[in-house]
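So you can see what is in the structure, the chains are spelled out below.
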Amino acid sequence: MTYTRPRFRNPHLPVNKIGYTQKDYEGALSTLCAGCGHDSISGAIVQACYELSIEPHRVAKMSGIGCSSKTPAYFLSNSHGFNSVHGRMPSVATGAYLANRDLVYFGVSGDGDTASIGMGQFVHAIRRNLNMVYVVMNNGCYGLTKGQDSATADAGSKSKSGHTNPFQAIDLAGLALELGASFVARSFSGDKTQLVPLLKAALAHPGFAFIDVISPCVTFNNNPGSTKSYDYVREHIEATATVDFVPIKSEITTQYEAGSTKEIALHDDSLIRLHKIASDWDPQDRHSAMNALHHARSKGEILTGLIYIDESLQNLHEVLNTTTEPLNTLEEKVLCPGSKALATLNAGLR
Amino acid sequence: MQQSSSVNDFVIRFANVNGTGSASANALFAKAIFRMGIPVTPKNIFPSNIQGLPTWYEVRVSEKGYLGRREGIDFMVCMNPQSMPKDIASVKPGGYFLYDSTKTLHREFIREDIHYIGIPLMAICLREYTDPRQRQLFKNIIYVGALSALLEIEFPVLETLLAEMFQGKEKLIAPNVKALQLGIQYIHENFEYPLDIRLERRDLVGDRILVDGNSACGLGAVYAGATVAAWYPITPSTSVVEAFMEYAEQFRTDPETGKKNFAIVQAEDELAAIGMVIGANWNGARSFTATSGPGVSLMAEFLGLAYFAEIPTVLIDVQRAGPSTGMPTRTQQADIIAAAYASHGDTKHVLLFPSTPKECFDDVVTAFDLAERLQTPVIVMTDLDLGMNDHLTAPFEWDDSRTYDRGKVLHTADLENITKFGRYLEVDGDGITYRTYPGSHPSKGAYVTRGTSHDEYAGYTEDSGTYTRNVDRLLKKWETAKSIVPAPEVRQAATANECGILFFGTSIYSSEEAVDLLAAQDIHLDSLRLRSFPFSESVGQFIADHELIFVIEQNRDAQMRSLLINELGVAPQKMIPVLNYDGTPITADTIVKQIIKNFATV
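For the protein sequence lines, the chains are A and B, in the order given.
Taken in order, the first sequence gives residues 1 to 350; the numbers are from this note's numbering.
Taken in order, the second sequence gives residues 351 to 952; the numbers are from this note's numbering.
The reader is advised that the hints may include incorrect statements.
[Unchecked claim] In silico lysine-lysine, DSSO-like type, Cα no more than 27 Å apart, as pairs: (1) B/K943 with A/K333; (2) B/K794 with A/K23; (3) B/K609 with A/K340; (4) B/K442 with B/K381; (5) B/K381 with A/K340; (6) A/K333 with A/K299; (7) A/K340 with B/K521; (8) A/K23 with B/K770; (9) B/K943 with B/K436; (10) A/K333 with B/K453; (11) A/K17 with B/K794; (12) A/K333 with B/K610.
Simulated from the structure, these hints should not be mistaken for lab results.
This is chain A alone, in the form it adopts within the complex:
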């Protein structure tokens, strides 16, 4: 069932630049299990959109099927959502993005929805560099069907039933990087201080922004022996750097130690500021990013943070050279060649 949230308003709640309170970015009440990592991610999305002063109705929330894909109902209730079919969110998002290039497309998927049934579409959405955020709420298991291993479950990881997964995991961040994604990040649902700036940076990125968010399944995959449990992830997390997102023309108030920061200017003049960077890693160099991922993996660590960014890649509309007007606003006079043109065509077919 869909449970709507009561609409009590505290008149003294702070508002953002466009006059919305954080409550205006919330959605219906979640029906996921208490303590589910996905709910923390929904919370982070609410906060990121509020802080960026995005108009909620200008966001289109896209998802597939699964626990993760239910979450678009739980944030941004003034946005249209599309809970499509299993593994096919990327294609629906592609069509929606082609129809109207002016909305913000926020895709939510899960590890089953992306790494198994939807692998084909995920891969091709990356190739096309859709201007969208693509978040995978990654818990290494199938929640809605009660805990089967997913393709991102690590080999040797133990499920709640005691079964040990014999197959190698698919590293979605590594794959996205390999396929040429223009923004690759990884985070943890329990680390809002990292996740919120990453979401903000992803929303500001003008191409395909992928975030793999480890999000423990409290019911089926939070047991000892699981490599996607809260405890395991907390113990093995390794951040590339602390991430700050500095919005357009905002005054920079925090001071950082000289020599330990790297600033990346985004197309809209906002900044991503990374500090305490791992010395052998450069987020604008694919090889270096790949090395950092492999290196962490070989140590049994989960590398989080902004792993790679390339703002120069053309997005799909630029590649197709489509008009700057959203295609869904074009009318007959632009679209229909009319009877005269048809008469000429007829003449050519005689």
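Here the structure of chain A is known, so what remains is to put chain B in place on it, guided by the hints.
Positioned in the frame of chain A, the structure of chain B alone reads:
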């Protein structure tokens, strides 16, 4: 020897090897007959292969204007040694067999009851040309020249066509004209001409045009205002989107900025193609895809989503011979059931059945209006014969005052005046509810589109009453559809009749011819041509008004008959299937034989 004598009434077949450039020479031949004002039907019979396999081009010339395939070859142009034994066997007694006599024909290829016309084509080419590719290409034009002498094609018509063909490459005109003349000269010097089967100028074509159905579909999508096309290449539908691309480039590129007022994406598979179409339509852009049987199978899940979530979707299914990969380059009407009921659960989809390229154009435009009016998938059911062969058809028409029917959409201003928006809330009593485009209004009109069960306000529900109310409303919408889809075309025979004939799509050509042939044998049939599914009331009436209905279709299982029985509850005994499913277009002869056999047994 038997002599066939006829003016403007024969079938000629060209046997070629694919990849040898024969297609344009054969098209030149057919177009010349068309330009002489004589009704003509060319058909490609080709393999699923790019080079080296047998391919045939069959041209029926019919003074009476019959455009269906006709059995029996009066004239065979044999340019493929590989298929020669079968090609010789297929010629009607008294018919003609034109071959390359550079090498002597083996004795086993000699039939006493047909005429042989040997032209040393390779020898002429070796003598006249040095470039091997030219030798191959001009060989084709030489036989067209020879045919023009034998059948009396007007030479100036061929010259004009060559000039049009090579516009911008004028230096190619003279050598082609010379090749034609080489063929003519050889006939003049070695044979009696013209033959007893020949052509004579007429004025029977009128303002009709010669075009293939796939081009017409692509053009229709441009006129219908489609802005997003997503597709995955599959024979025989590929040229639909290619035509859309070509016409869109021509008509939808901004002359000042060079920017495109359309977007085309070649998807990774058919699943993605239909997903993109649904996403774009959901977001307020007119969008379509084209596919064939295997693609329809893959798209089924998404079609169910579009049906249940009520998202306009336009799909063009250019049917080919199934099941499975089947015969990809042969024609059938075998996706009827798969398309009508595509996807699990209680689903049904609106289908349109164009019969001609003109109707392909019209039906694609209609499909977009219907899809948006009914907020559901609409599938345009053409086939390989219609899609990939040129057909003589009425010219395309467009009324400049026509506007698109975008259906029930609430825009920003409409939403202002609404207290509570319900995406699936019935307001007008026709089963069709109001939708909104994403991004329209800051606080009204947003909802989550889902394939899960939903209430009037698009909220997820598993409540039995709410679920039933929703699916029953979809049925009410289906009833509304019956009155707005294209009505069938009914023809009453001159006398009152107990029997009717029912057909659709490309069976029109041979069915109408069969009705005439049967009338000549004093069997008079009323006819009904289906244009769409769901069936309008008049379809049920027509069936009720007749004792027996012959249902003509091009599949093994009489799928349309099943659909009629299932949807209209008519008695199966009165519905007699008349079928052709060998992958070639149905012929009048097949229909006549099966119907007469039935009269003999009744």
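Regarding the pair B/K381 and A/K340, is the alpha-carbon distance no greater than 27 Å? Answer holds: B/K381 to A/K340 is near 24 Å, not above 27 Å.
Given the hinted pair A/K17 and B/K794, is their Cα-Cα distance within 27 Å? Holds: A/K17 and B/K794 sit about 21 Å apart, inside 27 Å.
What's the verdict on A/K340 and B/K521, does the C-alpha distance respect the 27 Å limit or exceed it? Violated: A/K340 and B/K521 sit about 32 Å apart, past 27 Å.
Measure nothing beyond the straight line between the CA atoms of A/K333 and A/K299; if it is 27 Å or shorter, mark the hint as holding. 62 Å, violated
Has the given pair, B/K943 with B/K436, been kept, meaning a C-alpha gap of at most 27 Å? At roughly 24 Å apart (the allowed maximum being 27 Å), B/K436 and B/K943 satisfy the hint.
Below or equal to 27 Å on CA atoms is what counts here, so check A/K333 against B/K453. Since the Cα atoms of A/K333 and B/K453 sit roughly 62 Å apart, the hinted pair is violated (cutoff 27 Å).
When you check the alpha-carbon spacing of B/K609 and A/K340, does it fall within 27 Å? 23 Å, holds
A/K333 paired with B/K610 [C-alpha distance capped at 27 Å]: Holds: A/K333 and B/K610 sit about 15 Å apart, inside 27 Å.
Given hint B/K381 paired with B/K442 - CA-CA distance at most 27 Å: 24 Å, holds
Checking one constraint from the list: CA of B/K794 to CA of A/K23, max 27 Å. Satisfied? 16 Å, holds
Decide if the proposed pair is consistent with the structure: A/K23 and B/K770, CA atoms, cutoff 27 Å inclusive. Satisfied, since the Cα-Cα distance of roughly 20 Å is no more than 27 Å.
Does the structure keep B/K943 and A/K333 at a Cα separation of 27 Å or less? 52 Å, violated
The structure is inconsistent with the numbered hints 1, 6, 7 and 10, although it conforms to all the rest.
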